[in-house]
Amino acid sequence: MNPWLVALLRALLILVVMLLNGSLAIYMVRKVLGHAHLRLGPTELGPAGIAQVIADIVKLLTKEDRHPNRSDRWLYLIAPFIVFVPSFVAFSFIPFTDKLVAANPEMSLLMMLAFLAVPPLGIFAAGWSSRSKFATIGAMRAIGGMVTYEIPLLLAAIPPVILAGSANLQAIVLAQSHSIWYILPCLPSFVIALICAQMETNQAPFDMTEADQELVAGFSTEYSAMRFGFMYLAEFAGNFTFAALIVSLFLGGWTLPGISATALGPFAVLVFVAKCYLLIFLFMMVRGTYSRYRVDHYLEVGWKRLLPFSLAWIVVFAAAVRIIAMLKGGA
Amino acid sequence: MALDKVFGEQSIVFLKSEQFFDWARGRSLWYMAFGIACCSLEGLIAAAGPRFDFDRHGVFYRGVPRQSDVMIVAGTVNRKMAVIVKRLYEMMPEPRYVVSMGACANAGGPFREYPNVVTGVDKIIPVDIYIPGCPPRPESVQYAFLQLRKKINEDAKARFSS
Amino acid sequence: MIERARIAELLSGASVTPVSLEDESCLGLVLRVAADDLLATFAALRDSFEQLIDLLGADLTPRNGGIEVTYRLRSLQENSDLVVKTTLEPGAALPSVTGFYLSALLPEREACEMFGLKLTGHPNPKHLLLTEGLPPMLLKSVPLRSEEDIQAETLPEGDPALQLLQEFEERGIIPPEDPDDPLENYVMAEWLSPEPPPGPIVPRNIRRQDDDPQSLSTNHYLLQIGPAHPATHGVLNIVAEMDGEKIVSSEAHVGNLHRGIEKLAESRRYHQLGTLVDRGDYVGGCNNELAVALAVEQLAEIEVPDRASWIRVLMAEINRLASHYIWFGPTGLDTGAMGIFLFCLYDRELWLDVLEEISGQRMMFNYIRPGGVVADITPKSVQMIEDILKIADGRLDEHYDALMASEIFQQRACGVGVVSKEDALSLGATGFVARASGIDWDLRRDRPYAAYDKMDFDVLTADSGDVWARMFCRLDEMRQSLRIVRQCLDGMPEGDFSAKLPRVLRVPEGECYVPVEAPRGEMGVHIYSDGTDKPYRMSYRPPTLYSLMISDLTLPGHFLADGIVSLGSFDFCFGEVDR
Chain G
1134 MNPWLVALLR
1144 ALLILVVMLL
1154 NGSLAIYMVR
1164 KVLGHAHLRL
1174 GPTELGPAGI
1184 AQVIADIVKL
1194 LTKEDRHPNR
1204 SDRWLYLIAP
1214 FIVFVPSFVA
1224 FSFIPFTDKL
1234 VAANPEMSLL
1244 MMLAFLAVPP
1254 LGIFAAGWSS
1264 RSKFATIGAM
1274 RAIGGMVTYE
1284 IPLLLAAIPP
1294 VILAGSANLQ
1304 AIVLAQSHSI
1314 WYILPCLPSF
1324 VIALICAQME
1334 TNQAPFDMTE
1344 ADQELVAGFS
1354 TEYSAMRFGF
1364 MYLAEFAGNF
1374 TFAALIVSLF
1384 LGGWTLPGIS
1394 ATALGPFAVL
1404 VFVAKCYLLI
1414 FLFMMVRGTY
1424 SRYRVDHYLE
1434 VGWKRLLPFS
1444 LAWIVVFAAA
1454 VRIIAMLKGG
1464 A
Chain R
167 MALDKVFGEQ
177 SIVFLKSEQF
187 FDWARGRSLW
197 YMAFGIACCS
207 LEGLIAAAGP
217 RFDFDRHGVF
227 YRGVPRQSDV
237 MIVAGTVNRK
247 MAVIVKRLYE
257 MMPEPRYVVS
267 MGACANAGGP
277 FREYPNVVTG
287 VDKIIPVDIY
297 IPGCPPRPES
307 VQYAFLQLRK
317 KINEDAKARF
327 SS
Chain X
1146 MIERARIAEL
1156 LSGASVTPVS
1166 LEDESCLGLV
1176 LRVAADDLLA
1186 TFAALRDSFE
1196 QLIDLLGADL
1206 TPRNGGIEVT
1216 YRLRSLQENS
1226 DLVVKTTLEP
1236 GAALPSVTGF
1246 YLSALLPERE
1256 ACEMFGLKLT
1266 GHPNPKHLLL
1276 TEGLPPMLLK
1286 SVPLRSEEDI
1296 QAETLPEGDP
1306 ALQLLQEFEE
1316 RGIIPPEDPD
1326 DPLENYVMAE
1336 WLSPEPPPGP
1346 IVPRNIRRQD
1356 DDPQSLSTNH
1366 YLLQIGPAHP
1376 ATHGVLNIVA
1386 EMDGEKIVSS
1396 EAHVGNLHRG
1406 IEKLAESRRY
1416 HQLGTLVDRG
1426 DYVGGCNNEL
1436 AVALAVEQLA
1446 EIEVPDRASW
1456 IRVLMAEINR
1466 LASHYIWFGP
1476 TGLDTGAMGI
1486 FLFCLYDREL
1496 WLDVLEEISG
1506 QRMMFNYIRP
1516 GGVVADITPK
1526 SVQMIEDILK
1536 IADGRLDEHY
1546 DALMASEIFQ
1556 QRACGVGVVS
1566 KEDALSLGAT
1576 GFVARASGID
1586 WDLRRDRPYA
1596 AYDKMDFDVL
1606 TADSGDVWAR
1616 MFCRLDEMRQ
1626 SLRIVRQCLD
1636 GMPEGDFSAK
1646 LPRVLRVPEG
1656 ECYVPVEAPR
1666 GEMGVHIYSD
1676 GTDKPYRMSY
1686 RPPTLYSLMI
1696 SDLTLPGHFL
1706 ADGIVSLGSF
1716 DFCFGEVDR
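In the order they appear, the protein sequences are chains G, R and X.
Mapping the first sequence onto this note's numbering, position 294 (from 1) lands on 1427, and the numbers just tick up by one.
Mapping the second sequence onto this note's numbering, position 160 (from 1) lands on 326, and the numbers just tick up by one.
Mapping the third sequence onto this note's numbering, position 487 (from 1) lands on 1632, and the numbers just tick up by one.
To be clear, the hints were calculated from the coordinates, so they are not data collected in a lab.
Heads up, some of the hints might be wrong.
As the list claims (entries may be wrong) - Covered stretches of chain G (chain R as the covering partner; in silico rule of three or more C-beta atoms under 8 Å from a C-beta of chain R):
| hint | segment |
| --- | --- |
| 1 | 1174-1188 |
| 2 | 1282-1295 |
| 3 | 1322-1334 |
What the hints assert, rightly or not - To list a few chain R residues with every Cβ distance to chain G over 12 Å, as calculated:
| hint | residue |
| --- | --- |
| 4 | ILE178 |
| 5 | PHE187 |
| 6 | ARG191 |
| 7 | PHE218 |
| 8 | ASP219 |
| 9 | ARG228 |
| 10 | LYS252 |
| 11 | GLU260 |
| 12 | PRO261 |
| 13 | LYS289 |
| 14 | LYS317 |
| 15 | ALA324 |
Nothing here was measured: the structure is a model prediction, and the numbers come from that model.
Just so you know, even glycine gets a beta-carbon here, dropped at the ideal spot from N, CA and C.
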């Protein structure tokens, strides 16, 4: 078979899965937040209101797409894709099962993290090119936040890499199935990764770039119709990507303790998705509960707390791993 | 959509797709969180609240005119505000709908004799649905949204039958 | 009490000869001075009276050919008021007293535009409420519109902001702001009027640079917050000069909801005033009705049955609770906490059910009228209140845990929007704003009206004056309201719910001011009656107009995010600010 065709089919499949996940996450956020807030969320369309998302997306697709006269036109038009495409690429590194992974390069973890760092640039481009002040403030916050929270996230991913001896997500998952889930030895890293994921997906208490009450809608203030829909969708697909990253690194990916990969068979993918959605549920409950940090506190949390703490933790962790290895080697 | 250019304005593909789009439009009405006066408590805040929960019908609020479909004019519009109401309406992308809520937005209400008050928001922008009452109960606003949905769908049907 | 003799002494010390200094039955001690002596009088009185509570004008040209301006001064320590009145020729100049009392900043502007007076010595003597082109509306010679006028109403064609832009382009000036942003242009129109307003608080030039050569050089820019901003709680429009995320200076623009409640009141009968003031502070309507009813009863010397007074207290407190819920939740929402907002809405609906059962309406009750109340409370409503009282205290604790116990919220609320005691006094703060800044003053306790003298409740004050203090004080107010509601149910006396009144109530000639402790502070009604069935002039003291001045002064120096939280914590109600 033509390798290009295979790649194209894979990409299409990933796109479909990603869009489905994005829509499902949007539906979920409305339901979860609804119930958390003593409401019901959408109920009318389809079973338990699940078709609501279809109506929303079709409506957004058919709305008038306008842009401000004085905007930086080309940047304004492509910014949603700068947000969307890297999320899409990062999505393709997710190992759903031992076979079901769209792209499995040697350094898939690093590549995934690298692509996940790009969407904030798209957010910046969107806010900046709108030439609206609220959007510009949101854009500036996105850049500040990106620098602040990429580093702790990267550092949080190091202990599992040390344990597994590989920067390949699939290898990390497999290593966990042979020993224990890395959440146990690397609990602090897990917590740091959760916080960073909450921030990277722009959810309260870190939703600096949107901050409804301060910035109206932040970077997307001037966006309408499908361009807004794309950013909205990418944001929620990002939810799943981050959840998948954390599940693969710390929660054993598609494996379950005590059950071999062959025994799980086709259910492995369900296990994986279930774990991811549990994490997303956690993200959403936090989002619906807490107040937002002020922008300087938010940078402070990143630079003064998370960064020194994760650095210190890595030193301690690496030393501990080395010592244990020496003791074992000595015995 | 360019379907009308490809298939022609009377073609079944275009009309059917328009009907489908109108179905979606009628079921996803995001209103602008923009309260002017007393009515906003009933029409915007209580509407989003736990008891009335318009989210069940797909009616949700957005803070920005660019992303909203419906503008609920909830309160008295005076001459200073009229400029802003009009510009906010112009900022909304098509298709857009206006619900005039309460006696003040319909006709000036108890304040109509005062020269600073605009007697009816329909003097500034086109209105789709009028809700009587001072203030209308959230249930009436809910009914207004259902009526608006009906109106949107009937427009599509009318085009289809012609 | 500050006695007449002491005031006379103070005045003679400043060599001011008063026109008269008398004790008028409904108004208390009234001092009349000539306009030329006004500033000297205030200089003499400044130290004895901490607060300028109310400032209003009245067009008395049919009576004595002048515009009467009334100042109400208050000494909190001695719990006594002094009314200072001066009469001006139509169109004459009113000397500003902002040098003595900062709380005159906005009311003076309003009085001058409404009565066509000139304002001298004021830092920012612009129009406040009225749209450009309208005559001084409260003059007796300016009529309301007739039905024909309304039918013939035409609105100015085109968009003034767009026209301005066009003019800009023709003159070759690049408009500094995004033309698609309506709010931006809206203010530009005001700025670039042919004659720039003298002495604006906000600098007209946007691109100002920091003067300090050592600091990082940044351009300042202008940010429009509102009137369509999600967090301005109505139609407030704030023009803020920003340095990055910091607010450097700001000015609030009001008048977007001005709809002539005071003017329309002159054409309504006394029974009908309730409908108008309800739409003033639309969140806490019962308290406004109560003020009007008390004022009319005082002027007409109507005896109110005991039961009516108790029902009034009950309704006022339930309404206070409903009103506080719609403030507590949104203040949480301003910091980004969605949950608490909806929890508060849920609780508010419970109380609205009770209000609906008793008065028939969820808002705009028109339930408390001169003479008593409209209908008796029903056994069902008593049962409903009992049911809510069982859970209400516990739910308040839950709300505290859900919002105020969170460390993030504490970071956002503590030390933000600080109002010092001195500022609160000189800016006329009343109600919870005053109490959160350490001023121990509650009209329900210090000047009891209705049946409040029979109630047992505490008044909590705090010293820090920040958002946290305001929230804490008001949360405690809600607890006290629950206590009062409980006492009302337990001790409700038997009897009539209303006095027998004629269908058309004629009130003897006179003048009175009645303040009540509304949810947002002191809400006062000042009525001039001329013996007919309609008031000659009704003035309404909006507590949040004064909080607005306070918030305006606290904004500079804050981050945008903090500014929003600080604004929210003052709980504006724009029906009331603009009237």
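Hint-by-hint comparison with the structure:
Coverage of the segment 1174-1188 of chain G by chain R holds. Counting CB-CB distances below 8 Å, 9 residues qualify, and the rule asks for three or more. Coverage of the segment 1282-1295 of chain G by chain R is violated. Counting CB-CB distances below 8 Å, 0 residues qualify, and the rule asks for three or more. Counting residues of the segment 1322-1334 of chain G whose beta-carbon sits less than 8 Å from any beta-carbon of chain R gives 0, not enough to reach three: the coverage restraint is violated. Distance check for R:ILE178 against chain G: the nearest CB is about 18 Å away, which clears 12 Å, and the non-interface claim stands.
Under the 12 Å C-beta cut-off, the non-interface status given to R:PHE187 relative to chain G is violated; the minimum distance is some 5 Å. A cut-off of 12 Å between C-beta atoms contradicts the statement that R:ARG191 is not in contact with chain G; the least separation is 5 Å. Not every CB of chain G lies more than 12 Å from the CB of R:PHE218, the least distance being 9 Å, so the non-interface label is violated. Not every CB of chain G lies more than 12 Å from the CB of R:ASP219, the least distance being 4 Å, so the non-interface label is violated.
At roughly 7 Å, the least C-beta separation between R:ARG228 and chain G is not larger than 12 Å, which violates its mark as non-interface. Interface exclusion of R:LYS252 from chain G stands, the closest Cβ pair being 17 Å apart, more than 12 Å. Not every Cβ of chain G is farther than 12 Å from the Cβ of R:GLU260; the closest lies at roughly 4 Å, contradicting the non-interface assignment. With a minimum CB-CB distance of about 7 Å to chain G, R:PRO261 fails to clear the 12 Å threshold, and the non-interface call is violated.
With a least beta-carbon separation of about 25 Å from chain G, R:LYS289 lies farther than 12 Å from that chain, consistent with its non-interface assignment. At the 12 Å boundary, the C-beta of R:LYS317 stays outside the reach of chain G, the nearest C-beta of that chain being 16 Å off. Chain G leaves R:ALA324 outside its interface by the beta-carbon criterion, the shortest separation being 18 Å against a cut-off of 12 Å.
Hints 2, 3, 5, 6, 7, 8, 9, 11 and 12 from the list above are not met by this structure, while the remaining hints are.
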